[in-house]
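J.: So the sequences go chain by chain: A, B, C and D.
Here the working numbering is used: the first residue of the first sequence is 1, the next is one more, and so on.
Here the working numbering is used: the first residue of the second sequence is 1, the next is one more, and so on.
Here the working numbering is used: the first residue of the third sequence is 1, the next is one more, and so on.
Here the working numbering is used: the first residue of the fourth sequence is 1, the next is one more, and so on.
Just so you know, the hints here were simulated from the structure itself, not pulled from any lab data.
Hints should not be assumed to be uniformly reliable.
Identical chains blur together in the list; that is why a pair holds if it fits in one copy or across any two.
Unchecked claim - Keeping only pairs whose Cα atoms sit at most 25 Å apart, straight-line, the calculated BS3-like set for lysine-lysine is:
#1 LYS25 <-> LYS56
#2 LYS56 <-> LYS105
#3 LYS25 <-> LYS68
#4 LYS156 <-> LYS105
#5 LYS62 <-> LYS17
#6 LYS145 <-> LYS156
#7 LYS104 <-> LYS72
#8 LYS68 <-> LYS156
#9 LYS145 <-> LYS62
Since this is a predicted model, take the numbers as computed values, not measurements.
4 protein chains.
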Amino acid sequence: MIGIIAGTNRPQSTTLKVAQYYGKKLEQLSIPFTIINLQEMPATYITSALYGNQGKDEQFNKLKDQVKRADKFIFVIPEYNGSFPGVLKAFIDGLDYPGSFRNKKAALIGLGSGTMGGCLALSHWTDILNYLGMHVLANKPRLTKVEKVFIDGEVKDTLLSDLIDQQIQLLLEF
Amino acid sequence: MIGIIAGTNRPQSTTLKVAQYYGKKLEQLSIPFTIINLQEMPATYITSALYGNQGKDEQFNKLKDQVKRADKFIFVIPEYNGSFPGVLKAFIDGLDYPGSFRNKKAALIGLGSGTMGGCLALSHWTDILNYLGMHVLANKPRLTKVEKVFIDGEVKDTLLSDLIDQQIQLLLEF
Amino acid sequence: MIGIIAGTNRPQSTTLKVAQYYGKKLEQLSIPFTIINLQEMPATYITSALYGNQGKDEQFNKLKDQVKRADKFIFVIPEYNGSFPGVLKAFIDGLDYPGSFRNKKAALIGLGSGTMGGCLALSHWTDILNYLGMHVLANKPRLTKVEKVFIDGEVKDTLLSDLIDQQIQLLLEF
Amino acid sequence: MIGIIAGTNRPQSTTLKVAQYYGKKLEQLSIPFTIINLQEMPATYITSALYGNQGKDEQFNKLKDQVKRADKFIFVIPEYNGSFPGVLKAFIDGLDYPGSFRNKKAALIGLGSGTMGGCLALSHWTDILNYLGMHVLANKPRLTKVEKVFIDGEVKDTLLSDLIDQQIQLLLEF
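Start from the sequences and build out the full structure, keeping to the hints where you can.
T.: Spelled out as structure tokens, the structure:
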């Protein structure tokens, strides 16, 4: 089971659409997957679920279960202020340690409006996943100037869409 | 005016106590400062203040004003999952861009229970502040095994407390 | 075939001894390995082999062949000035691109006299190997204060030597 | 005195031309500068100057003197294998520690043929300079697809050349 984590809770995000794009690709390959949507985090997450009520928030426990059932992950990471979104890291900070990610495997993709395409976000995120014991696939495509390359739910740049197909193939063999 | 940002909203955090330690040092030097306490973030921050109600959350606007009034910052950064806390980054993601930090100056200190002392957290956080146009002081002390070196509100290791005094002096001249 | 790269050309280095320690471990497991010793780089490497005479330096070609024959790698990385040694990166800069590392696998270990144990070196090096298409094992032990834990060719800290045994096992399955 | 370090010893490098471009800018502002050219490193640097003959290599001592006389630096950093050139780091590894860089100030610029423009190289290099006690200016322009923007010794993109002018101004005030 592959968990696709859409790395922001921003409403109507391109990130979620890219996550769905990966989902469609996996569907075509008959690979079971689940999209982990950070918009489903409880509104009071940073107080209730993260510390006060640890383990007792039903809404967050559903997301935790999604994470537990997956053994491979695809992280779709939009660039916020030069790195990954704080909400994505806060989500990870609330998961059970070390069981959630240890010795599992992940593929990463970055996206951004500028020319970095999440270059630093992907580096930082790799550090974090490695710290948690999760192995990261070397291939990490970056969708720079994402508004120009991802339109109507499709990657319009052939080179990039080939890189993504190759990444998925490598993740399956990883 | 120096803004000291306590980098987590966790109740009873050592982070806040380290922030207060820096405050005491600045007080002794008669330097005006303000502690920016992430526990004062609105409980529903990740939905209301971050996107939906941008600019209209009174509680968050108070924190934003604290940030705007400061021209130098001290970031006290606890290590969470190998990097900075997600909540700290989420806080930054809700500030006005680019006015909040551009061309201001910052000093960083890391703390953690393990042997890294926020080593990667400080590197990641430097990347982010630089991206936002904020200059970072080279001197970034790390409180490794923090429970053993920070006791009753004091840094018990002379070498470390000297490094912190030196860092504050350099920040004032920076 | 596992290539163990001793990440410095410094004479009498602890790095080479740690590489030999890994070699001994692999020998006990009857896994074929080869130690790639940067002391065997040509003295005039930064001029002759790197640019001028590319491909024609017999001494460097031997090292290149060692790299080509291995499909998994162990990088032993001493901390020099907060990161990996320049000579190690220069060695990589002279290898054939992209064939040398693409889609191969690596494990990393850091060592240093201070408290970082190559923490940043390992992060930087992971970025580089990932860029070259090489997958990196999440588990990256750090020998902090290396003079105190690595004595007479042995890791004296049981926790650390267990981490290394576990890392080798995971690399074999990776 | 500003030291401009051309970050590679590759003959006929664009890096050196970008260093000269910065030199021309400083000349127009009547700011004294010196270009530190890694092509002047001794051919046998990685053996003779780095370890064996430390301090006794006349050719390398000239470069060391150039570094000592400067109190601010501009590092022109080409992207090699996803990071800075190994030779640049090897150069730093041979300098006197900690006097060479401590409490001095630096500005960085990255360049590359691809879309990263040295994004990771600049992050890694900032870590290293900070470790050595050197403060780094937040503004770090990146010349992506450098062959298209840097032609005949000039930056052809107005946005980029404005960023560079602004960076130089900020370095002078830093």
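J.: Now tell me, hint by hint, if it's right for this structure.
T.: Each hint tested on the structure:
1. Taking the shortest Cα distances, LYS25 and LYS56 never come within 25 Å of each other, neither inside one copy (35 Å) nor across copies (40 Å).
2. Proximity of LYS56 to LYS105 under the C-alpha cut-off of 25 Å is found in neither arrangement, the shortest distances being 28 Å within a copy and 40 Å between copies.
3. Taking the closest pair of Cα atoms, LYS25 and LYS68 come within 25 Å of each other only inside a single copy of the chain (22 Å); across copies the shortest separation is 34 Å, beyond that limit.
4. With identical chains, the CA atoms of LYS156 and LYS105 are never at most 25 Å apart, being 28 Å at best within one copy and 31 Å at best between copies.
5. Taking CA atoms no more than 25 Å apart as the test, LYS62 paired with LYS17 passes inside one copy only; the shortest distance there is 21 Å, against 34 Å between copies.
6. With identical chains, the CA atoms of LYS145 and LYS156 are at most 25 Å apart both within one copy (12 Å) and between copies (21 Å).
7. With identical chains, the CA atoms of LYS104 and LYS72 are at most 25 Å apart both within one copy (6 Å) and between copies (19 Å).
8. Proximity of LYS68 to LYS156 under the C-alpha cut-off of 25 Å is found in neither arrangement, the shortest distances being 34 Å within a copy and 36 Å between copies.
9. In the homo-oligomer, the alpha carbons of LYS145 and LYS62 never lie at most 25 Å apart, since the shortest distance is 34 Å inside one protomer and 34 Å across protomers.
The earlier numbered hints that this structure contradicts are 1, 2, 4, 8 and 9.
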